[in-house]
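S.K.: This is what each chain is made of:
There are 4 protein chains.
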Amino acid sequence: MAGDTSGMKHACGVFGCVSAGQWPTDLDVANVICLGLVGVQHRGQESAGIVTSPGDDKGKVHSHKGMGLVNQVFRDEATMSKLKGNLGIGHTRYSTAGGSDITNCQPFTVETLHGLISVAHNGELVNANPLKEKVLRHGTGLSTGTDSELITQLLCLPPPEIETDGPNWLARIKQLMSYAHTSYSLLVMHGDCIYAIRDPYGNRPLCLGKLLQVDKEEGHSVEPEGWVVSSESCSFTAIGAKYHREVIPGEIVKITQSGIKSMCVIPRPDSHPSAFCIFEYVYFARPDSIFEGQSVYAVRYRSGRQLAKEAAVKADIVSTVPESATPAALGFAKESGLPYVEVLCKNRYVGRTFIQPSTRLRQLGVAKKFGPLTDNFQGKRIVIVDDSIVRGNTMGPIVRLLKNAGAKEVHIRIGSPPLRHPCYMGINIPTKEELIANKMSLDKLAKHLGADSVVYLSVEGLVEAVQSGVEKLTEQNTGHCTACLTGKYPVELHW
Amino acid sequence: MAGDTSGMKHACGVFGCVSAGQWPTDLDVANVICLGLVGVQHRGQESAGIVTSPGDDKGKVHSHKGMGLVNQVFRDEATMSKLKGNLGIGHTRYSTAGGSDITNCQPFTVETLHGLISVAHNGELVNANPLKEKVLRHGTGLSTGTDSELITQLLCLPPPEIETDGPNWLARIKQLMSYAHTSYSLLVMHGDCIYAIRDPYGNRPLCLGKLLQVDKEEGHSVEPEGWVVSSESCSFTAIGAKYHREVIPGEIVKITQSGIKSMCVIPRPDSHPSAFCIFEYVYFARPDSIFEGQSVYAVRYRSGRQLAKEAAVKADIVSTVPESATPAALGFAKESGLPYVEVLCKNRYVGRTFIQPSTRLRQLGVAKKFGPLTDNFQGKRIVIVDDSIVRGNTMGPIVRLLKNAGAKEVHIRIGSPPLRHPCYMGINIPTKEELIANKMSLDKLAKHLGADSVVYLSVEGLVEAVQSGVEKLTEQNTGHCTACLTGKYPVELHW
Amino acid sequence: MAGDTSGMKHACGVFGCVSAGQWPTDLDVANVICLGLVGVQHRGQESAGIVTSPGDDKGKVHSHKGMGLVNQVFRDEATMSKLKGNLGIGHTRYSTAGGSDITNCQPFTVETLHGLISVAHNGELVNANPLKEKVLRHGTGLSTGTDSELITQLLCLPPPEIETDGPNWLARIKQLMSYAHTSYSLLVMHGDCIYAIRDPYGNRPLCLGKLLQVDKEEGHSVEPEGWVVSSESCSFTAIGAKYHREVIPGEIVKITQSGIKSMCVIPRPDSHPSAFCIFEYVYFARPDSIFEGQSVYAVRYRSGRQLAKEAAVKADIVSTVPESATPAALGFAKESGLPYVEVLCKNRYVGRTFIQPSTRLRQLGVAKKFGPLTDNFQGKRIVIVDDSIVRGNTMGPIVRLLKNAGAKEVHIRIGSPPLRHPCYMGINIPTKEELIANKMSLDKLAKHLGADSVVYLSVEGLVEAVQSGVEKLTEQNTGHCTACLTGKYPVELHW
Amino acid sequence: MAGDTSGMKHACGVFGCVSAGQWPTDLDVANVICLGLVGVQHRGQESAGIVTSPGDDKGKVHSHKGMGLVNQVFRDEATMSKLKGNLGIGHTRYSTAGGSDITNCQPFTVETLHGLISVAHNGELVNANPLKEKVLRHGTGLSTGTDSELITQLLCLPPPEIETDGPNWLARIKQLMSYAHTSYSLLVMHGDCIYAIRDPYGNRPLCLGKLLQVDKEEGHSVEPEGWVVSSESCSFTAIGAKYHREVIPGEIVKITQSGIKSMCVIPRPDSHPSAFCIFEYVYFARPDSIFEGQSVYAVRYRSGRQLAKEAAVKADIVSTVPESATPAALGFAKESGLPYVEVLCKNRYVGRTFIQPSTRLRQLGVAKKFGPLTDNFQGKRIVIVDDSIVRGNTMGPIVRLLKNAGAKEVHIRIGSPPLRHPCYMGINIPTKEELIANKMSLDKLAKHLGADSVVYLSVEGLVEAVQSGVEKLTEQNTGHCTACLTGKYPVELHW
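Chains as they are written, first to last, in UniProt numbering: chain B, 1 to 495; chain E, 1 to 495; chain W, 1 to 495; chain V, 1 to 495.
Hints are computed from structural coordinates only; laboratory data are not their basis.
Just so we're clear, the structure is a prediction, and the values are computed from it rather than from any experiment.
No incorrect hints appear here.
Identical chains blur together in the list; that is why a pair holds if it fits in one copy or across any two.
The calculated lysine-lysine pairs, modelled on PhoX-like cross-linking and capped at a C-alpha distance of 25 Å, are:
#1 K432 to K488
#2 K242 to K408
#3 K408 to K334
#4 K60 to K132
#5 K242 to K380
#6 K439 to K488
#7 K60 to K134
Work out the full structure: start from the sequences and follow the hints.
M.R.: Structural data, given as structure tokens:
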């Protein structure tokens, strides 16, 4: 979506739905989940999967998973019609490590002592290695390299208290959370309910919504037809759902046909504040999503304003690298008083593709995704705003394109601080050596990119832009993880 | 791309390339064509094809065609490596009538008396039926329902003058043009050359470019490494080509390794001015393309300004249905003095898909592609600009979305006049009965859409916005086809 | 099917069906054609296609074609349910020259002056090149390299007599037959009828059948429910049809819902006897097919007996290279009085596959399709019968296998004469240089193959085995083409 | 393969290979396994998979699995070239219960405490349910419904003795065998070795072979280039391997680059004799495979002779339902003195397919796989031999076909006793209610099939035909499981 974040990979999206009625209900749960997953498709495009269940029978779920976009995996009536059920969970995946392989697709379903459970996971276990050792030593073999399988097998371990009266999933989930502190937003489906779980640090987002019901008389909605849970609230509009609230850090929420029930909130093991990933605001999330009581768009807009304060420059126009940087660019324009003008046209069909530019094109340094809107900027001094710089491969050709087409000056302004450290909580960031911010000073970077200047937003500026709009749930729950910018990780790292 | 033009289909894109050198040259012609086709992908997403030729041997071409996007059809090294050659042509198709079928994919290659020719066509023959009758009566069977095959077989007919000294393709092309007046932009490859042909009315675009060469010493380009021809100039940036000029209405241009040569200009059979499709400006073309000496973006921006003059309204903010209407919205904002603010976030993953909203969602009238940026417009009066309204299915849910999220008023402004008539020159417009503009008055339309007002741009306003920026080549060549708006067709219609 | 005929390719199969009733009838014509094509699948496995028509409407046919076996191309209800109709024709293809390409799949359908015609062809035009020149010079371009397209375009040429009262397809077919003398068995579907045409030399087979009708009371069949036409009668059993008769050389048969009508018999242009391909008996056809009043099995059995007379040898057992040589081996055993014993077990899953034996396996000379039935032949002298030797690659490893497993002697006997000449009438035989019979004497061949002796059937012996059972229709119609064995072609060859 | 055994499903094939040399060796292990799997393809056609390992590195295997035949799953160079390694195992699967699903494909690979293990299994655990309960109760979730996963997780359980000096796989395998007594033939790959394991009852076959090496000078083989293990010896010919011996019931064999080593033989828990599936002889295995020192062909031939003794009839000819019944038919002919004559021609292209005969064809009772060789049997009394009758759907149409074509009498003789009981050891037999032998007497059956008589081989006759040729390894190891015929199961059944 952005100008120069091609090196960063997203961390998956999850979506769940429970119908309010008795099986079989009118609500087409699989259809709702499918459209809901399309709403979080930007979080992962490698594979997609849905598991549904009638909710009346422990022994039976319907599952379909495949490589590709939601639209590609769920592409015919035959596929959809098999996904019958009153409840279900879905997943879109962006591979972090290892395997682009069908066997790694989620949701992950296993038979347990108490029947089938299905698990969908967004995040990355910081202490995956010791947990894996624990499971293997117990005598369980692991068939995939995924955290999801690890989590699922941890849920299968006998719980601390004996289950005399049937399964005690709450105890099993608590046990899991006592082993694994972060990072995960998790959906666990069993029987007639979905458990929605967010790790105690709240590193990845998760929120709840209500499905509106159509009033037959009026065409208006009246009361909930079901409940949904999603990585991002942006997926609610297209399915006719209303945002309800976030799952709070450490919370276990049980969703059944009767509604939503908070079971408990597991505290963090230390006094560290919560650690919601700040890059969800900067880059991953869709602008219309709501986190911590504010829209992502508003944060980006404020970042742009802050950037204009921190890094003013004499120029004629402000523009964007379409389209994720546009809110920041509009904020910069507002704060600086300079007019906002479009200078680049994006070709939406240039994606990850086999067709690569030839050696000749690489030597020419062609900007393969963008065409210049020459009339709009000839002879002018441009401030061009982007949301981040990762490897620095994209911006050079853009600057060259603008200058060749007649720009007088090009000043690069970045709506986030320099990326300097790896993430171990779900985001695939290139190695330190590949991050351009670790390679050269700002002056050298400007020269390297052919620009007249480059300035990043400060860490304090970004934190201020984020936290000034947060609706404070509790004192403890307003922290943010800035590890990729500062190297300060919220938890100790294990290998 | 636009808010409410889902009912209109584009009319294909063509792209050709000839290397400047002798076979085998360094230039990877198939790679250039592939990237060039990605640049005109917005003109047709149903199928793609490329035919290449070494140019030294009449008897041999390499061809690959398939259903889907360019990236899907040309997706591996095995496919690309077969497409060897010094020259080639390609095509992206948007089916007009009939068959979504692999046999209808272009380019269309046939063996003729003088060896193989390959043809790629953008447009639609107004007099296809009498021409078909002519070919069938001559004793040639037709295996597809496409104009391309018809054109190809017309080129195979014996030419008016006897070909004693070998093939006379110019005579054959002139004969074709005497039978078929519009609408076509055509690439015909034979032997070592490509003929680029635009119909005498200039109904569809076609332009020429030069491939820049890298100066080994400097990393700069020096002299042409080849020549390219494309439906739109926007495809030139990504292949390192420089815009040269348009093929003018009625012109036959021969492109060989030695360069570009204008062979002749066939006059229109009547005194009608040229008739370049005005909807290329309004909707089809990419904003960074150049037609008649001006950018498409500039025309859309002027349309927006003109619209603000014609249809001013008291409001707080101006916004766009992202993203094709953005230039017009920015123009409207500039002219009106109102601030430009984003109110909708678009989900790029909602495409043509099997997954359809359920009955419940249709009753709820959900805007499936858009999420609201609520903070930006709550309690405000919005002018929302779109580029056109076809069936009127999209705008209603958008207005509802905005109002439900707190918009005080929503005023719709359309950057083009009402669509009222069918097109027979390459654009698939719904039937008259389906066009919302033929169904109700503006007042009723506003009510139908739930908006506070709806106003279209006037025909005169649009023509002024277009023609005020045209670089006049000749007096005759500055006319535009407005048939879909006015019902005035440039040529007599035959059935 | 055979031991050593992997280098020979079959020449396609055709199948047609017309329902006896009015549209829409109870008979599922597409299903009948599908099963009928499975019955001639051995004649071509590269692609398959079916075209059906309601028969009440010139303007409409339903077509489905694809690469692969009939079962692979017609593999779901969605595909089959589109193939509605009262009549239809189908084709299975074995590429002769050039292109394994979907565009070369048959049946070939074109629009003509009189509506659509569909053509399915088995054979190869001996004078394809001058005919192609004729069509191109007329001004028709050819889009495939197939004889089928050539035949179709020849049918589109204006007929010698003016068609004032509508189409005169008989005149057009006669005109085609005056240009093209051999080799073809042809189905032409137009409107409500199928023309079944066999070339004047009768080079390829074609026969007619009646579809039995179920007597509701008794479960017995009563009167025809429709008519079928097929390359081979073996396809009739599985569709509940009864063999009626062959189409005779030069005959044009018209099949409609009313029945079968012989329109005329075009004489051969010279005094040459008919020239039915003798290799249809030896190798191509299924043993249960009927040609010229006798079963293919019977001919092969007689060949084996004749071979035993011509090439007796002291031995203990007679065996076969399973399974096409089995009738000849049983005939040899009968005549020689030696016991028939199985010595090889065939692996049916070794087909044309990507997985090739490694260098090591080639050096070891492994028989990849066969395992030895060691108990049956240890210490014995074996006569092993095969139907033909083409390149001689298969027999060497078989002999080695038998000897290694303990065979005392191995005598090879071939149920046909040596293949020495190319076929230009539909069979893809390797070049003269590749044919082992042109490379070495019998003694050398035996040594090359590691056998104790090799003897072929004589040409006279084969002709006798064939002609002794022919039901003589007329004096003229009992000749056979032996060109691949003798170099005597029935017609002059044109290039 | 047979006439009437379509209702019986095979029980998978396994194949393994270890190269004699150091990594990387010359031997293309993946290629050997691929061709080896083609050799046991008749045991399972639903899916195929191969896992290879360099053998020098615990952490790394290469795996490829897919639905379909071996040739379809391993169909290009890209797939094969990834399967590097010095050793590997493969599997062809015929689904028994539940899922035709890619996740059920074998080999099954998991990470254990001691690195990766891969498992390929032929058989079915009689006590799968209690074992599953055991694993689940231990706290391991199961992701597939397969015995292979269950076996693998049982191997992951901590072994009875503590593993202080690294993994003790022998102890783990012994522990598995103490839990699961039958039925399994198992390959377990770990590190640089393959364990080949046969259950104590020897229910499924497993044998060892040596790969011959080519002597560069002579083209002859000299010493082993590696070792192979296969479900059936018939797969050895095509890979240039020599049969070595069977894995004996209860034996654990370790195969490394140094050779084959027998680790131990686990005794049966009771005094029951071994219980090799007698239906492997009757139907599943390929005739050229060797079990217990004799060829499958020889057993079938003897069964035919025995049948002729038990069920003589006045007739003119003896024939077969091609082709699995042919050895029995030849044996019957030999014993009875009647001539062996072919009466049916099989269409090899009629397989499991979407295209089903219409209602009309079902009413006509058409034999869809066979055509009559009419000349061979008109006016004659036929004894037709088949290997078994399961549901009885196939034989009726065959008898009708023969009678309609002129057979005077048709006497059915079956080379095995009536199938009356389900199998719980790997063979998918229809329910008791579906087995025709449980539905009616022989007289009624003859009438039902339209035959003049039907006689089965006696149980004693079959056992005699089998055991008279067995090379007795030990007194205990010559028993056979006849449960499907007699209802006497070798072990107690658990649910």
